Amino acid sequence: MSLLVFSRFATLSGFIAVALGAFGAHALKTKFSAYQLDIWQTAVFYQFVHTLLLLFVSQQTSLICSRPMLLKTICYCLVAGILLFSGSLYLLAALSIKWLGAVTPLGGLLFLMSWMLLAFAYTGKKHN
Numbered sequence: 007m008s009l010l011v012f013s014r015f016a017t018l019s020g021f022i023a024v025a026l027g028a029f030g031a032h033a034l035k036t037k038f039s040a041y042q043l044d045i046w047q048t049a050v051f052y053q054f055v056h057t058l059l060l061l062f063v064s065q066q067t068s069l070i071c072s073r074p075m076l077l078k079t080i081c082y083c084l085v086a087g088i089l090l091f092s093g094s095l096y097l098l099a100a101l102s103i104k105w106l107g108a109v110t111p112l113g114g115l116l117f118l119m120s121w122m123l124l125a126f127a128y129t130g131k132k133h134n
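So for the sequence shown, the numbering used here puts the first residue at 7; every next one is plus one.
In short, the hints are calculated from the structure, not lab data. Just so you know, these numbers come straight off a predicted model, no measurement behind them. Errors might be hidden in some of the hints.
Stated by the list, open to error - Per label pair, the in silico range of CB-to-CB distance: (1) Trp105 - Val55: 24 to 30 Å; (2) Arg14 - Ala40: 33 to 39 Å; (3) Leu76 - His32: 36 to 42 Å; (4) Thr36 - Lys104: 21 to 27 Å.
All C-beta atoms in this analysis are idealised placements derived from N, C-alpha and C, irrespective of residue type, glycine included.
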């Protein structure tokens, strides 16, 4: 899969994050408890942060030649992390299915792995 696909996913994810953030702030404000809204807002925040990171990583042409598989691995981790972490929180807030809370940390681990792999990608890289 090319890095362009990850850039496209990031733009779609950014759109969805804005839409779900607005939906939560307006339509769900009277329907959700404060706890559910907090979960929803956490999902939106982490989706935004990691969508921006995905867009950044997918545009790193300076690393593409030297470490293309590492960049793709980071992108896969970010996509899976967004789907598992934020996705499980959206469903937990909306449906109150408690076992979904057990899925969330898997997404969090993928986020952590993404950040560590990104740090690794820049080690040994010559700076101009």
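Kindly confirm whether 24 to 30 Å is satisfied by the beta carbon distance between Trp105 and Val55. holds, 25 Å
CB-CB spacing for His32 and Leu76 relative to the 36 to 42 Å hint: At 41 Å between Cβs, range holds.
How does the Cβ-Cβ distance of Thr36 and Lys104 compare with 21 to 27 Å: does it lie in that range? holds, 23 Å
Note whether the CB distance of Arg14 and Ala40 lies within 33 to 39 Å or breaks it. With Cβ atoms ~36 Å apart, the hint holds.
Going down the numbered hints, you'll see the structure goes against none, and every one checks out.
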